[in-house]
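*Asks:* As a plain string of letters, each chain reads:
There are 2 protein chains.
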Amino acid sequence: MNFAELVLKNRTYRRFDESFRIGDQTLKELVNLARLSASGANRQPLKFLLYTKPEDCSRIFPSTIWAAYLKEWQGPESGERPSAYIIILGDTSITDQFGVDHGIAAQSIMLGATNQGLGGCMIASIRKEDLRKELAIPQLYEILLVLALGKPVEKVVIDDIKNDDIKYWRDKDRVHHVPKRSLDELILKL
Amino acid sequence: MNFAELVLKNRTYRRFDESFRIGDQTLKELVNLARLSASGANRQPLKFLLYTKPEDCSRIFPSTIWAAYLKEWQGPESGERPSAYIIILGDTSITDQFGVDHGIAAQSIMLGATNQGLGGCMIASIRKEDLRKELAIPQLYEILLVLALGKPVEKVVIDDIKNDDIKYWRDKDRVHHVPKRSLDELILKL
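Going line by line, the protein sequences match chains A and B.
Numbering follows our numbering, in which position 127 of the first sequence is assigned residue number 127; successive positions increment by one, without gaps.
Numbering follows our numbering, in which position 150 of the second sequence is assigned residue number 150; successive positions increment by one, without gaps.
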């Protein structure tokens, strides 16, 4: 798989085969990709929490908010939930300006996961205080992103955008459609 | 080159063979990688400006600030400057919250560039009002990141961090050393 194919395959997935478990070593390898990615002023202020056990995943799931545009759907049902999480924290003892470090890190991790036949979702809609309490995350660490990971079981397709409507949707076969703006729209000519 | 090797090869480069020019089509392909990457709530609020001509690069370079830790070095000299730029803008007619979209996009672009034998630097230290004026960027667009690209001519190595000193440095052979925190330091155990 070449790199362009990897980027294309790296869709946001929200339904997984929950019986497929992910090992701790896999998550460590993914965090190592983030470790080796760029960081503003090389400060490297991110920290990572890794969870692979079903009982831990059950504690995290209620603090995550899924697919705001799918009003009828409250997130993946039991059996289709993520089988691992990487929580990205900002260490405020290093800086309180995390810039886009967590975006860079998350993209490295997600591409690495896709490269291993996994997939997932970067979740910024988090019930942060619930999650902090549930996992006893010290106030020193800002909760930045939750990466939900698993073995995807849904089909995701990219559509051309119509009428400037960027809302993703599901068809009757539960195929997930994501309208993407065209390259011509994204590249400005001044 | 497997994905872990690509991430490792994708260092921040600041010295280039300026005589090696990059085509517009190459930049378009890189932006397409960003287009196909995740965007918060799928809003896709980023826009991209592409520059490959020497005279355009000369207009952009003075607005970029290089390598804050190298006090003796004011950035690449003529002959070693970037031969292309991608400027990432936020379209405020779509949202004024860009989250980490530009981090995700920049990482896709930089990995794609590395995959093609190129390299570069994500620059957030920008003289934004100078750049806006020079390129006549409308106020509608927030200037988020400048990606400087070229054919790298410097050697960059990763070192283990010592005494918590994250400042990169250059040795007598002009090899650029980047201290990176260990995986053990990054992965928290609560």
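Source of the hints: derived by calculation from the structure; they are not laboratory data.
Quick reminder that beta carbons are idealized off the backbone N, C-alpha and C, glycines included.
Mixed in with the good hints, there may be bad ones.
Claimed, not checked - Covered stretches of chain A, going by a simulated chain B footprint (3 or more residues, C-beta under 8 Å):
1. 3 to 16
2. 26 to 32
3. 41 to 55
4. 96 to 103
5. 145 to 151
6. 170 to 181
*Asks:* Hints first: check each against the structure and report whether it holds.
*Replies:* Hints, verified against the model:
1. For the region 3 to 16 of chain A, the stated coverage by chain B holds: 7 residues have a C-beta nearer than 8 Å to a C-beta of that chain, and at least 3 were required.
2. Counting residues of the region 26 to 32 of chain A whose C-beta sits closer than 8 Å to any C-beta of chain B gives 4, which meets the bar of three, so the coverage hint holds.
3. With 9 residues having a beta carbon nearer than 8 Å to a beta carbon of chain B, the region 41 to 55 of chain A meets the requirement of three or more and the stated coverage holds.
4. For the region 96 to 103 of chain A, the stated coverage by chain B holds: 5 residues have a C-beta nearer than 8 Å to a C-beta of that chain, and at least 3 were required.
5. Coverage of the region 145 to 151 of chain A by chain B is violated. Counting CB-CB distances below 8 Å, 1 residues qualify, and the rule asks for three or more.
6. Residues of the region 170 to 181 of chain A lying with their CB closer than 8 Å to a CB of chain B number 4, which satisfies the three-residue condition for coverage.
Against the hints set out earlier in the document, a violation occurs for number 5 only.
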